[in-house]
Amino acid sequence: MSLQTSTPVLEVESLKKHFVMTGSFGKLGGVKGVVKAVNNVSFTIHQNETYGLVGESGCGKSTLSRTLLKLISSTDGKVKYANKDILQLKGSELRHVRRDVQMVFQDPYTSLNPRQRVGQILEEPLLIHSIGTKKERMEIMSDMLEKVGMQADHFYRYPHELSGGQRQRVGLARALVVNPKILILDEPVSALDVSIQSQIINLLEELQAEFNLSYLFIAHDMGVVRHISDRIGVMYLGNLVEEGPTERIFQHPLHPYTKALLSAVPVANPDYKRERIMLKGEIPSPFDLPSGCVFHTRCPFAEEQCKTEVPQRTENAADHFVSCHLYH
Amino acid sequence: MEIAQNSGRVIDVQRQLLKNQRSLLVRRLLGNKQIVFGSVILTMFVLFALIGPMIAPYGPYEMSVSDRLQPPSADHWFGTDNFGRDIFYRVAIGARVSLGVGLSVAVLSSIIGLVVGLYASYYRTLDHILMRICDGLMSIPAILLAIAFMAALGPNTINIVIALTIVFSPYIARVVRSSALVVREQTYIEAMKAQGARSWRIILKHIAPNTISPLFVQASFIFADAIITEAGLSFLGAGVPAPDPSWGNILADGKLVIYNAWWMIVFPGAALILSVLSINLLGDGLRDLLDPHVGNSKKIKRKKAKVKAG
Amino acid sequence: GCSSSSTTDSTDDENSPSDGTDEEQVSGGELRAAIGQQPETLDPHMSTGATVKYVTRHIFEGLLAADSSFQPQPMLAESWEISDDGTIYTFHLREGVEFHNGKEMTAEDVTASMNRWLEQSSVATQIMGEDAYFQEEDDYTVTLHLEEARLTAIDAIASPKQFAGIMPKEVIEAADSTGITDYVGTGPFKFVEWRQDQYIHFEKFEQYQPVDFPADGLAGEKVAIVDDLFFDIVTDSSTQLAGIQTGQYDIAYTLPNDNYEQLLDDPAINTMTDLYGNSFHHFNKKEGIFTDFKMRQAVNAAVSNEEIMLGGWSHPDLYSLNSSYMGESQVWYSEAGADEYDQADPDKAAQLLEEAGYNGEEVVILTNNDSELYNTSVILHEQLSQLGMNVKLDVYDRATYSERRTNSANWDLLAVGLSTVTTPSQHLSLSASWYGWTEDETVHQMLAEIEAVSTLEEGTAIWDDLQAYLWTEYLPGTKHGDYYYYIAARDNVEGVTILEGPILWNTSVNK
Amino acid sequence: MKNYLLYLTKRVLSLIPVLFVVSVIVFLIIHMTPGDPAIVMLGEDATAEQVEELRQQLGLDLPLHEQYLNWVLGALQVDLGSSYFMREPVTEAIMNHLGPTISLTILSQMIALLIAIPIGIFAARRRGTMADQSVMGVSLLGMSVPNFILGLLTMLMFGVILRWLPVAGYAPLSAGLWEHMKYLILPAVSLGTLQAALITRITRSSMLEVLNNNYIKSARAKGVKERQIIYFHAFRNAFLPILTVIGQTFGGLIAGAVITETIFNIPGIGQLTINSIERRDYPIIQGVIFFVAIAYVGINLFVDLLYGFINPRVRLEKN
Amino acid sequence: MKKQSLLDVQELKTNFYTERGVVTAVDGISFSVEEGEIVGVVGESGCGKSVTSQSILRLFDEKYSVEYEGSILFKGESLLEKTLAEMQDIRGNEISMIFQDPSSSLNPVYTIGRQVAEAILLHKDITRKEAYQKAVKLLELTGIPSPEKRALEYPHQLSGGMLQRVMIAMALACEPKLLIADEPTTALDVTIQAQILDLIVRLNQEIGMGVMFITHDLGVVAQVCNRVIVMYLGQVVEEADVRTLFTEPLHPYTKGLLHSIPKLDGERAEKLHVIEGTVPSLTNVPTGCRFADRCPQADATCLEHAPALEAQNDGHKVRCWHASAQKEVETYVATN
Ligand SMILES: Nc1ncnc2c1ncn2[C@@H]1O[C@H](COP(=O)(O)OP(=O)(O)OP(=O)(O)O)[C@@H](O)[C@H]1O
Ligand SMILES: Nc1ncnc2c1ncn2[C@@H]1O[C@H](COP(=O)(O)OP(=O)(O)OP(=O)(O)O)[C@@H](O)[C@H]1O
Ligand SMILES: [Mg+2]
Ligand SMILES: [Mg+2]
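Chains as they are written, first to last, in this note's numbering: chain Y, 1 to 328; chain P, 329 to 638; chain W, 639 to 1149; chain G, 1150 to 1468; chain F, 1469 to 1804.
Heads up, a few of these hints could be off.
Claimed, not checked - Straight-line C-alpha distance at most 30 Å; calculated BS3-like pairs for lysine-lysine:
#1 Lys70/Y / Lys80/Y
#2 Lys1531/F / Lys1550/F
#3 Lys273/Y / Lys1531/F
#4 Lys1739/F / Lys259/Y
#5 Lys147/Y / Lys1739/F
#6 Lys1331/G / Lys1149/W
#7 Lys1374/G / Lys1602/F
#8 Lys1645/F / Lys1605/F
#9 Lys1149/W / Lys691/W
#10 Lys280/Y / Lys1739/F
#11 Lys84/Y / Lys16/Y
#12 Lys90/Y / Lys181/Y
#13 Lys986/W / Lys1149/W
#14 Lys307/Y / Lys1617/F
#15 Lys134/Y / Lys147/Y
#16 Lys1592/F / Lys1374/G
#17 Lys135/Y / Lys347/P
#18 Lys273/Y / Lys1739/F
#19 Lys1592/F / Lys1617/F
I should point out that these hints are in silico values taken from the structure, not numbers from a laboratory.
For reference, chain Y alone in the conformation it holds in the complex (with noise of 0.2 Å):
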């Protein structure tokens, strides 16, 4: 699929997302520092497209999520989705876009109420938009839970009573009962083990050929990313450093964190060897990001240049862009 031929639906410019950590006092008390959690990311989301995210753990990609839906407050930037900007929107309004773009947590434990059972779990969603009459709702939610693979006596039973893929799923129906047009999937099969992490994703590939959906696919294991993706971008520190179709991605990553990631990913092939780029220094803290490139410290590849200048985007081939003064 090309990107000039489908339609972008959900556009996200500059989102800036710094959390400021205060001392005693709140602000009075001082700024203890700043965490720049997501810094100046611009991506686009095209319609029945999926997009993979991709990035060391603490990169800021939940951050990025929750702020694209208002759950949290952004610094700066703009989320345009049917022409309107959501980080603009206040109540009813707000709630409509929520309607329609949806959200499956990286967490199916803490993401499910415990107290309430699979049935109002998945009510509540209609409840708030005040759709269907009781029974309506009723085969609504019984289509859903088949839909997703559960069963009907999963019906009356309480999350914990559920295995991690089984609440997943439920994680899942619950956004899509309300039909809508984007899903974002925060890590939606990391705590899973291959078997159950295989049959959310079918289930995902089916539902996106049903109804036509868009996908952002948060995710860090890169066989299950290469799987499901169409696009990828690859996140570190808050910034989004590759952006490219995946199989471009796979065969010519170009961003040195990117040939690290890949490189590290281990393989079900025990005769499987090759050379692992190692990324040597430290980590550094989000408080205090590294001037020029935020790669620089744990670059192999790193100059004078690194140091001090950072990086501006580049369309390397088509569609795929890169942030390093590698490819300058």
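The hints should help you fit chains P, W, G and F with the ligands onto chain Y, whose structure is shown.
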């Protein structure tokens, strides 16, 4: 289990499941020893309060001063007090007042505390204001505050309930708030926001139920504490006004004759202790019942049994 | 020291805890007395409170003192005369009496003290009139000037309640609105320390000069036998009980009535009783249904006092059924109107209620949570309820009770315990300003007549009439009876006598 | 360190609104309360004029807000006024009555802790056994017996019948440690029982929770001895909620002291308060409650600071 | 038994006494770990991997909730017959363990330096100070930068990766003969994971330490392990050396697992393989083969009779009625 083919059947299945679910709840209730014990004792008290007076041969106020301070006998099962009134009857009637005070204070302060605690946990500014008021109220020892309120409001049972409710609500509010603050940060609350839920819905439907178990524990403490504090108030002369009996003021009367009429202390004291015990049991039991993780046991056992049978 | 073992053997053997035994009294040691309440002040002029009276009598003395039959006897005044018209009293002071601070007592101290007392004591004002004053004649003579003759002026000066203690002029001058701050008197004990809410400590006053006639009531020779006298403030009566049983206290003043019998049976403990006062329920005669005399009669006809008194005081030793407004041992004792007392006649009461047109109006009994007042009210409540009256019991703590009773809108029947008084005009049931508001002209006119006559006989005669009038035609309240309080002393305490409170001089403790 | 000081200042400053609230509550309640100190002071037979005169002298005739303002202005200069009855400044009265209460609360807290913590740990280690259930049953009993009954019963038992200890009274520490203690043991036991019951329950449940933690297992896996695990690894973690309860129930202790001090005739803050309420000694009541509130908040502040020492995770994080 | 294994587990059963009855979380498991060998343990979540590892150290509460059956021989000595005091000498000293979740496995109230030093002090006769210095060295060895500073910090001040390394340092403190590593890298991203794996392999080679390595990442297994055990619902269903397992898996479950791994190369578009059905609950264990419900090859025998773990050839064991028949027909190639 087969996946239902059409939604009509699904609904049938669900009806069935709902039914199972209900019988399960009953089973869980009956299987919970604490709840069974607690409610049996409590029911006995209620019956005692309702029926006791009918079977007692004397009225609660009926006095025959010449028969004062008689030990328990066939005539006066619990003996007589310093006015020659029948203690059995007074303890029975006192149950109405004491349990009434205990329960109303526990319920009222739970409601107030819950609302205050929840909203305080959700809105920052409100939190500051409400919590400072709670701190203020809590930093004044309960009994002093109660005495002061009683002195200001005047002695009658409703005022006791009001005074004790004011005194105890902050304790509930604190507990609710502290657990609500934790719940508020949970991902599932964020998930509800992401669904577009309004604040009141999040607060009442999602945060509140998760603060229920500490609330229950605290409320059963308060039930006990309210009865005891009422007794303490009576002891200090600020409790339920005479001649209405409450366990507290029977004890307070008895306190004067503790060295020569043990029955004036023992019977109301035992009633007090038993009721406190039963409420604590009920509180613990209810907490377990509402905890989705506990009590689930019965379900699994049942399933196993069914498999074996089938 | 000047104490001797031969001083007293109480003449008042009815009340003596140690009758029969003739052991040698040991001097020295300490005596610990548990009192139920901290006195509001140690200034006897300032308060009518019983505890104030119990404590201060040991350090202050008046010009005169009451003997065991309440007759005035000389104390700091050696003798006194009354002018023929009865308006001028001349007091001759004893010479060489020393205050605890070493200064000799002279007329200037006496006039200062007595004038302040006249100012502070409402009873004094009432009996002597607004314009009475004392005047210094010479160092050892003072005079009292009255507007007109008053029969009971001398009794008032000798009254043990809110008594006219003599203190140095400087002390009086240094006093503020709450009373004196230097507790300097002439009594057998002198003040050492007052630990708030803990104890008051007196010690023997070595320079004390007793009068030289035998001790009788508050009068006569006084000797401090013990070196130290402690009044331990023990508010809880059960605690006092436990303390006297274990010997932690030598004497306990405030014990539960219910334990009287138990203490009677305790060989290690002696008990003594003394008349304390009259138990009444006052009618609110200012407003409400009891402005109707018939209603008052109805209640009075209904009450059964045996029950009320037994319920209030628990033991027959601790109360007596007595219709007289004045005490049995007093000259004012009278049986006039006794028929109206303690009728316990519900039928008559019902009839009277009907005549009065009583229609279920609410009757509020105001009482406080002191066990006696409370108990009498609970029983009255029951008795009136039996009668079909709509009665409500309002129980408050003492302070609230004291405030509420001032407002006539708050109550219909007021539980009161009135401590004994020495003259009828001091009787609070008859006061127009006190709670219940006896604003009856006949009553006040007759009281004035009593004061105006010159002999006691004339006075008692008028009083007989007045009491008959009170019972049959007025009923300021319904009297339940006289009540006694009891104290308990360990058996090693000897020589305690009692007159409006225990007397702890001439008392020894053998430890 | 600088942060710590800041934190401290912040916590101390946060007391101001609390104390404001307390002062208003106290002032309002007291003045809403019927009963007139002037009447109480003057005794039964005082006339209305005398009462009125005294009220003026005491400043009770002023409008309420003026009285409040005067009081607050005084309080700001650590002048809480003077007692109507006791001829001493309120601060002095409080100081004079403080000793017994401090001794009593410390002793009863110590008794409570000495009994409760080992028993709680014991019950936690034997959870589900008869021993556990009976310990918990007894602790529930301990919580449901009213304080005054317990006081009277201990007094009857150990004072009157066995005569081991004096029934009532107080001797200051200056009279010797034993002399001091012997008056306090009975009241401290009766006061500490409820406390002990509560702490036992908390100790048990928080120990149970901690013992379920992975780090206990990992300590075992390291080869740490069981005893050391209980006291070194588990208890320190379990102590936090216990400490919270200790801090919170401090108010309860003072409230309990009101009754206990009355029964055992201990001239402490509790008795002072009750007597002052009975006498309507406004300045004392205000002063005492205000003082107790400060103490309560102060103790909880101290507890909060202690948290940090016991559990580094809590350090400075609470804001 | 040819030669004495470092660890030899025979027919181990771990029964939990819960309020809903006895739960046999580990049901007759047998395997061994030799000196200098890394044995991987894989299996679906909840299949009993952690319970097995903790049973070896007898970490469950034997007084109230757990009962062990079978035998655990460590260097020929039966661990199950030792007293708990004797166990304390072995724990942390000869056998040590890295727990699944490092952030909850460190005591929050003590500095990490102190906790590592404690592990040394317990078993070595040295002074507190020496122990502490050794702890710092160990931290350095695990690649924690500026270890002197870090040693003074509390667990909450460290990142997940660092905590994981602290756990490792603690486990290695007394140079154990046997290391049990329970999913030591799940919480980490691949770059840090790689560093930790390197460290374990290095120590394994340098001091000849035996390792029991539990994980669900088959990629990791392929890279570090010599031999692999596959578990399913409390039992070992297959055991083989790593190459054999990846090239010739015999058990249908193992095959299913291997099939499910998304590939890093090759065709993306195809659907991921899925093992149908769900794992039965432990309280409701099937009478026949435990995998029968989900197995494409299951027949009547499978549903009724439980197969035993049988050796096929050269140390390759499998628990399946169809294993031997199948091996001849089909050869599975792990990577394609
Ligand atoms: N509420 C917050 N306040 C302060 N800092 C925060 C907050 N939430 C996240 N951060 C910081 O922002 C950074 C990015 O966190 P985020 O959770 O987005 O990472 P992530 O990429 O999702 O990591 P993972 O893969 O572990 O989920 C981290 O350094 C984190 O500490
Ligand atoms: N203390 C216990 N009491 C009862 N059952 C338990 C207990 N501990 C574990 N189990 C059960 O034993 C089974 C095996 O658990 P275990 O922790 O060994 O799984 P695992 O293979 O390590 O899974 P994961 O990959 O998720 O760590 C699970 O079903 C679990 O519920
Ligand atoms: Mg994340
Ligand atoms: Mg595990």
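Taking the hints in turn, this is what the structure says about them:
1. Lys70/Y / Lys80/Y: Between Lys70/Y and Lys80/Y the Cα gap is close to 12 Å, so the pair holds against 30 Å.
2. Lys1531/F / Lys1550/F: Holds - the C-alpha atoms of Lys1550/F and Lys1531/F are around 15 Å apart, at most 30 Å.
3. Lys273/Y / Lys1531/F: 48 Å, violated
4. Lys1739/F / Lys259/Y: Holds, because 26 Å separates the two Cα atoms, which is no more than 30 Å.
5. Lys147/Y / Lys1739/F: 17 Å, holds
6. Lys1331/G / Lys1149/W: 21 Å, holds
7. Lys1374/G / Lys1602/F: Holds, because 21 Å separates the two Cα atoms, which is no more than 30 Å.
8. Lys1645/F / Lys1605/F: 20 Å, holds
9. Lys1149/W / Lys691/W: Given that 30 Å is the threshold and the Cα spacing comes to 27 Å, the pair holds.
10. Lys280/Y / Lys1739/F: Violated: Lys280/Y and Lys1739/F sit about 37 Å apart, past 30 Å.
11. Lys84/Y / Lys16/Y: 18 Å, holds
12. Lys90/Y / Lys181/Y: It holds: about 20 Å lies between the C-alpha atoms, which stays within 30 Å.
13. Lys986/W / Lys1149/W: Cα-Cα ~59 Å, so violated.
14. Lys307/Y / Lys1617/F: 26 Å, holds
15. Lys134/Y / Lys147/Y: 20 Å, holds
16. Lys1592/F / Lys1374/G: 15 Å, holds
17. Lys135/Y / Lys347/P: Roughly 17 Å between the alpha carbons, so the hint for Lys135/Y and Lys347/P holds.
18. Lys273/Y / Lys1739/F: 27 Å, holds
19. Lys1592/F / Lys1617/F: 24 Å, holds
The structure shown violates the earlier hints numbered 3, 10, 13.
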